[in-house]
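S.K.: Residue numbers (the UniProt record's numbering): 1 to 217.
The reader is advised that the hints may include incorrect statements.
As the list claims (entries may be wrong) - No more than 20 Å apart at the CA atoms, straight line, and that leaves these computed lysine to aspartate or glutamate pairs for EDC-like:
1. 33 / 50
2. 78 / 67
3. 142 / 67
4. 146 / 115
5. 146 / 50
6. 136 / 50
7. 136 / 6
8. 142 / 50
9. 131 / 109
10. 146 / 119
11. 136 / 45
Unchecked claim - Quick list of the computed label-pair ranges, beta carbon to beta carbon:
12. 71 / 7: 50 to 58 Å
13. 11 / 69: 18 to 26 Å
14. 115 / 36: 20 to 28 Å
15. 94 / 125: 39 to 47 Å
16. 11 / 75: 36 to 44 Å
17. 140 / 36: 32 to 40 Å
18. 150 / 71: 34 to 42 Å
19. 125 / 51: 16 to 24 Å
20. 11 / 71: 18 to 26 Å
21. 5 / 132: 26 to 34 Å
22. 52 / 2: 14 to 22 Å
23. 118 / 36: 14 to 22 Å
No wet-lab data here; the hints were simulated from the structure. Virtual Cβ for every residue (Gly too), placed ideally from N, Cα, C.
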Amino acid sequence: MLFKVDSTNTFGEFVAVEEAGSYNVRISNAELKTSHAGNSMLVVDYEVTDGKYQGGTIRFDHIVWSDYNEEALNLSIKRFNTLLVATGVNDGTEINSLDAVARGLVGRELGITVDWDTEPNNKGRYNLRVKARFAKMASGSKPNGKREPNQAPTNSATAMVNGFNQSRQQQAPTQNGWGSPNQGAPTNQSFNQSPTNSATRMGKGEQVDIQDDDLPF
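Let the hints inform the model, and build the full structure from the sequences given.
M.R.: Rendered as structure tokens:
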């Protein structure tokens, strides 16, 4: 058997985050890439966990690791410390590789502040860019009313039902591997496990054409 049909495990509505502001989010994906300048870089996607844009995604947060001199190394450590502390990683946790960081971040929650890019992308649209990362807010997400430049305001978050016209359903619990149920929230042990296929001292990922000058930090 390949799988069983489950009505609680389907794609529901797509929710677009239409305002800048501060949001509680969960890390839905984290991948190690290589920037155009040859530096290791995490590319992180977030899902909003509460408020009017719950379920909306904020994608492509770029966090660069560069160590060509001591100052660059110290700034890189501070960048990654800021992200890890915001997600609740304990002081003293040893980080062995960026591969381990990418794996350990998925599923963790934090707060982020986002604003619109100052320049449009190649499709003429403006993307939300992460400006700050911090611990999850007890008071909830706070959109600030600032919408994408040159876009007409709307009254609510844009929603699009999937192609089969099924209503939004609660997602089934995730699984670790193919059979064992998820045992709970990510632990700090996720960050000090050695990568399976470590290639370099901090790990290198897929090449992507992104200029460091375009990154928020």
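S.K.: Would you mind marking each hint as holding or not holding in the structure?
M.R.: Here is how each hint holds up against the structure:
| no. | hint | in the structure |
| --- | --- | --- |
| 1 | 33 / 50 | violated (29 Å) |
| 2 | 78 / 67 | holds (12 Å) |
| 3 | 142 / 67 | violated (35 Å) |
| 4 | 146 / 115 | holds (8 Å) |
| 5 | 146 / 50 | holds (18 Å) |
| 6 | 136 / 50 | holds (11 Å) |
| 7 | 136 / 6 | violated (32 Å) |
| 8 | 142 / 50 | holds (10 Å) |
| 9 | 131 / 109 | holds (16 Å) |
| 10 | 146 / 119 | holds (15 Å) |
| 11 | 136 / 45 | holds (16 Å) |
| 12 | 71 / 7: 50 to 58 Å | holds (55 Å) |
| 13 | 11 / 69: 18 to 26 Å | violated (46 Å) |
| 14 | 115 / 36: 20 to 28 Å | holds (23 Å) |
| 15 | 94 / 125: 39 to 47 Å | holds (41 Å) |
| 16 | 11 / 75: 36 to 44 Å | holds (39 Å) |
| 17 | 140 / 36: 32 to 40 Å | holds (37 Å) |
| 18 | 150 / 71: 34 to 42 Å | holds (38 Å) |
| 19 | 125 / 51: 16 to 24 Å | holds (23 Å) |
| 20 | 11 / 71: 18 to 26 Å | violated (45 Å) |
| 21 | 5 / 132: 26 to 34 Å | violated (42 Å) |
| 22 | 52 / 2: 14 to 22 Å | violated (38 Å) |
| 23 | 118 / 36: 14 to 22 Å | holds (20 Å) |
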